[in-house]
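**Student:** Chain residues, written in single-letter form:
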Amino acid sequence: MSAISNASNAPMSSPESPAGPSPAVARRRRRIVVNSLRVGLLVVIIGGWELATRVGIIDKFFWGQPSGIWAQLVTWATQGTAQGPLWQQIATTLEETVLGFLIGVVLGVFFGVLLGRVQFLADVLGPYIKAANSLPRVTLAPLLAIGLGLGMQSKVALAVILVFFIVFFNAFQGVREVDRHLLANARILGANQRQLTTQVIIPSALTWITASLQTSFSFALVGAVVGEFVGAIQGIGLMIQTAGANFNANGVFAAMVILAVVALVTEALVTALERRLLRWRPSSVSEVTI
Amino acid sequence: MNESSTITDTVRNRTASAIELQDVTKRFLTPSGQAYTAIRDVTLSVAPGEFCAVVGPTGCGKSTTLGLISGLERPSQGSVQVMGQPVQGIDPRIGYVFQSDAVFPWKNVLNNVVTGPLFRGMPKAEALALAHEWIGRVGLTGFERHYPHQLSGGMRKRVALAQTFINQPQILLMDEPFSALDVQTRTLMEDELLSLWSSLGACVVFVTHDLEEAIALADRVCVLTAGLGTVKGIYRIDLPRPRKVEEIRFEPRFVQLYHEIWEDLRNEVILSYERNKQRI
Numbered sequence: 015m016s017a018i019s020n021a022s023n024a025p026m027s028s029p030e031s032p033a034g035p036s037p038a039v040a041r042r043r044r045r046i047v048v049n050s051l052r053v054g055l056l057v058v059i060i061g062g063w064e065l066a067t068r069v070g071i072i073d074k075f076f077w078g079q080p081s082g083i084w085a086q087l088v089t090w091a092t093q094g095t096a097q098g099p100l101w102q103q104i105a106t107t108l109e110e111t112v113l114g115f116l117i118g119v120v121l122g123v124f125f126g127v128l129l130g131r132v133q134f135l136a137d138v139l140g141p142y143i144k145a146a147n148s149l150p151r152v153t154l155a156p157l158l159a160i161g162l163g164l165g166m167q168s169k170v171a172l173a174v175i176l177v178f179f180i181v182f183f184n185a186f187q188g189v190r191e192v193d194r195h196l197l198a199n200a201r202i203l204g205a206n207q208r209q210l211t212t213q214v215i216i217p218s219a220l221t222w223i224t225a226s227l228q229t230s231f232s233f234a235l236v237g238a239v240v241g242e243f244v245g246a247i248q249g250i251g252l253m254i255q256t257a258g259a260n261f262n263a264n265g266v267f268a269a270m271v272i273l274a275v276v277a278l279v280t281e282a283l284v285t286a287l288e289r290r291l292l293r294w295r296p297s298s299v300s301e302v303t304i
Numbered sequence: 337m338n339e340s341s342t343i344t345d346t347v348r349n350r351t352a353s354a355i356e357l358q359d360v361t362k363r364f365l366t367p368s369g370q371a372y373t374a375i376r377d378v379t380l381s382v383a384p385g386e387f388c389a390v391v392g393p394t395g396c397g398k399s400t401t402l403g404l405i406s407g408l409e410r411p412s413q414g415s416v417q418v419m420g421q422p423v424q425g426i427d428p429r430i431g432y433v434f435q436s437d438a439v440f441p442w443k444n445v446l447n448n449v450v451t452g453p454l455f456r457g458m459p460k461a462e463a464l465a466l467a468h469e470w471i472g473r474v475g476l477t478g479f480e481r482h483y484p485h486q487l488s489g490g491m492r493k494r495v496a497l498a499q500t501f502i503n504q505p506q507i508l509l510m511d512e513p514f515s516a517l518d519v520q521t522r523t524l525m526e527d528e529l530l531s532l533w534s535s536l537g538a539c540v541v542f543v544t545h546d547l548e549e550a551i552a553l554a555d556r557v558c559v560l561t562a563g564l565g566t567v568k569g570i571y572r573i574d575l576p577r578p579r580k581v582e583e584i585r586f587e588p589r590f591v592q593l594y595h596e597i598w599e600d601l602r603n604e605v606i607l608s609y610e611r612n613k614q615r616i
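Those protein sequences? They're chains A and C, same order as listed. Whatever position you read off the first sequence (first residue = 1), add 14 for the working numbering. Whatever position you read off the second sequence (first residue = 1), add 336 for the working numbering.
In case anyone wonders, no lab produced these hints; they're calculated from the structure. Keep in mind that this is a model prediction, so the values were computed, not measured. C-beta atoms are modelled at their ideal positions from N, C-alpha and C, and glycine is treated no differently. Do not rely on the hints blindly, as some may be mistaken.
Said to hold, decoys possible - The list that follows gives simulated cross-link-like pairs (lysine to any residue, SDA-like), each with its CA atoms no further than 25 Å apart:
# : chain 1 : residue 1 : chain 2 : residue 2
1 : C       : Lys580    : C       : Met525
2 : A       : Lys144    : A       : Leu100
3 : C       : Lys460    : A       : Phe179
4 : C       : Lys460    : A       : Asn206
Unchecked claim - A few chain C positions that, by computed beta-carbon distances, are all more than 10 Å from chain A:
#  : residue
5  : Thr394
6  : Lys443
7  : His468
8  : Arg473
9  : Asn503
10 : Asp527
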């Protein structure tokens, strides 16, 4: 890969400048409308929920109440949770997720590339991998809790398993889809098998691998949280489990809010990583942002 | 000019030829399990330093021939020799310019050009210096940090040329390298190629479907037949060098050669067209 960190970004398309500022104004107006509708929608849903619980249409004991959720969040933040300070719970879940994600990605890429390159191995192991992939793998959580205990290892292991298969199949497919002209060119230029793998096949398969990173990260989070449901000493999953066991609907929702924030922040980081890895690709003409 | 398909005149320096194909047949297995013969009994020899163009209608096995010479493919029958030795695997003395874009999209221009020397174990500093030199020679100075997608088709072809020429190949295989370019860029690139070639002294096998391009560039034009690729005829192009591609098309001798070869080629093109029509 290139050692240059800051290549100028595609000077191909210059910003269009038609007569008059109308497109810019129209775009700004549209953004204002979209944003105000977004806020409005949130207010209607949260407000409606709050109102419905106060009037009594919805039972706040079972379905929670926005003000109660907020109060719960404040309590956790200021006084800590039943298992200890809030930041510690977040840190625990995050650590499990990130570790599971990293190990899963490394293993997935390694075996994906290996099986993609060695047809014989792919033929031998293919059916088993397909079988393992068709199982709902979260069912392994109790087993892992028994085998690895209630600490962090069992959650990391579950996250690794979930992440591995996604990355594996993408890496495998990516290796299979490498342009044969690029392979032929590299061979003519003098690449040996190792150089072919590291300089052509892996960079080429990176498009596929990075496409799987977003999904993989969400699955790593699922692995960590489900692992904590089954049995844990700390973590957001345990907070949800405890709240649920105590009929604390607000607690469940509050923990979900925390999870959502964690997921959104880390997702942004993964997107940044993705951009960095695929720097060489042409940026799409109009990026759709949701 | 027609030396007939037996090409007896090259036999005299058989030992000296850079590329030697002797009764080569190549069959592929189609996905449906049938054998498909791409070329049959092709005999061809190219002298060191010679520029040989291979023309023929689509699907006549031109690319297959290059694949066999490069060592990417093995012949089903017959022998392929390069520099007097049978081809076994990929020979480092060979350079290959592909029809499609085969530059690495994830490497910038500099890293693309430097690939060959680094693969072959040249120290990095030395390789980079050489790459800068070649980027200059193909006129891409200032674009070292650009990625292929930021370049035009012609510029990408220049990268491909530099990437190949930096390895100083003694045998240069080119598979319709300029077919995707517009006519003006193409003429420029053809001139560029001729000047690079004259400084390198390699022997070239240049596959194309464009007879004009073949005559303008080559010392010899080899016409393949439609369908089962066999050699239909070989023509010596006695136009003086150095040539200017954009001017040579108007020389009387060029026009004469063109007519002569086209008579032969036309029948093959019609045959190939009829066959394709039947297939549909």
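**Student:** Tell me the hint numbers this structure goes against, listed in increasing order.
**Tutor:** Going through the list in order, the structure violates hints 2, 3, 6 and 9 and respects the others.
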